[in-house]
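> Single-letter residue listing:
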Amino acid sequence: MTATPPETNIYPPSEDVLAQALAWREEGRKVALATVVQTWGSSPRPVGSQLAVDQDGKMLGSVSGGCIEGAVVHEAIEAMENGKTTLLEFGVSDENAWEAGLACGGTVKVFVEKLD
Amino acid sequence: MQRALLQSLLEAKAAKTPAAVVTELASGAQTLLTGEDWQGDLELTAAQRQAVLDALAVDRSGLLPGDSLFVQVHLPPLRLIVVGAVHISQALVPMAQLCGYDTVVVDPRRAWATEERFPGVTLLRDWPDDALETLGLDLRTAVVTLTHDPKLDDPALLAALASDVFYIGALGSKRTHAKRWERLSAEGISAEAFARIHGPAGLAIGAKSPAEIAVSVVAQMTEALRNGPPLPAAVRAA
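First to last, the protein sequences are chains A and B.
Heads up, the first sequence is in numbering that gives the first Met the number 0, so the first residue is 0 and it goes up one at a time.
Heads up, the second sequence is in numbering that gives the first Met the number 0, so the first residue is 0 and it goes up one at a time.
No wet-lab data here; the hints were simulated from the structure.
Check before you lean on any hint, since a few could be wrong.
[Unchecked claim] Calculated pairs, DSBU-like style, for lysine-lysine (alpha carbon to alpha carbon, straight line, at most 30 Å):
1) K57(A) to K29(A)
2) K150(B) to K178(B)
3) K57(A) to K15(B)
4) K150(B) to K173(B)
5) K29(A) to K15(B)
6) K12(B) to K83(A)
7) K12(B) to K29(A)
8) K83(A) to K29(A)
9) K207(B) to K150(B)
10) K207(B) to K173(B)
11) K207(B) to K178(B)
12) K83(A) to K57(A)
13) K150(B) to K57(A)
[Said to hold, decoys possible] If you want a taste of the chain A side facing chain B, the calculated C-beta under 8 Å gives, among others:
14) Q19
15) L32
16) G47
17) T84
18) L114
Every value quoted in this text rests on a predicted model; they were computed, and no experiment measured them.
Think of the CB as a built atom: it goes at the ideal place given N, C-alpha and C, for glycine as much as any other residue.
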């Protein structure tokens, strides 16, 4: 038996997140992008990590290990509606302000923007 | 983000042109740098543009001093050149692709380098020294030789040692590697330069199957990329 390349690629390379965002938008769907812009302490995904979200909450990519995506998707859908950009902060320092937090004890800032 | 800006960014990525997106976090205004071309509704000062170019040069996305501007760097992918269209390569190529590498397999032996064995993979059926010269080696490239045949592996290793590639791996036992040292030192390679070759290739995790060996090689490439020391110029063989 020979090793063969996987037939289905379930892991999206980073550029596929952006390509998918554009493809969703061109299908007429509302789309937002979330980007990790700053981290302190241990954080699961480095600066520059991106998550694309569509109007139904469909996601590709990540901005954490899954800890804050729920809250980010909520804000992303808001951004699609009102067109405003937001800078979100998640972490132990902010646990009262957000239901979501990072169990790892790190802090991240995530920029959320609508794809026009 | 403006759709036109995202389209331009994706075009730049497809053309393997370095690019950066600069975002003013307070307003969401953005400018895209592709190659030497700036476009978008965010005006940058000369100093800010220089800071963006500096971020691009070191492949570091992040906030510029003052924390009001965020730079997202988009460099062309890392490259892995695999010499030998062998069984291990069939596992190594998809794993490296998952890690974000563009992959090329080099093997002049036409029975090995077939589309059937490597569907959708870039294959060069040239001699490795010619192929590596055509491809051009740089700091964002890794070279792994897997043929076991000195006639194919050695020219590739000599080309890799004469370049800035961040990782060189050569399959083969310690005994094979010792013989390799005899041959390459006769070609004028110093002990210091030879030490750049990871041989036997891969982390020592007891890998046995082709796929396990590929895991160990991808892990070692990752270690060289993320934890490796910057390459001192004096170590380069050329």
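> Each hint should be assessed against the structure and marked as holding or not.
Going down the list of hints, with the structure as the test:
1. K57(A) to K29(A): holds (11 Å)
2. K150(B) to K178(B): holds (13 Å)
3. K57(A) to K15(B): This hinted pair holds, its Cα atoms lying about 28 Å apart.
4. K150(B) to K173(B): holds (18 Å)
5. K29(A) to K15(B): Status holds; Cα separation ~28 Å.
6. K12(B) to K83(A): Roughly 27 Å separates the two Cα atoms, so the pair holds.
7. K12(B) to K29(A): holds (23 Å)
8. K83(A) to K29(A): Holds. K83(A) to K29(A) sits at ~14 Å (cutoff 30 Å).
9. K207(B) to K150(B): holds (25 Å)
10. K207(B) to K173(B): holds (16 Å)
11. K207(B) to K178(B): holds (22 Å)
12. K83(A) to K57(A): holds (20 Å)
13. K150(B) to K57(A): violated (52 Å)
14. Q19: violated (11 Å)
15. L32: holds (6 Å)
16. G47: holds (3 Å)
17. T84: It holds, given that the least Cβ distance between T84(A) and chain B is near 3 Å, below 8 Å.
18. L114: Holds, about 5 Å.
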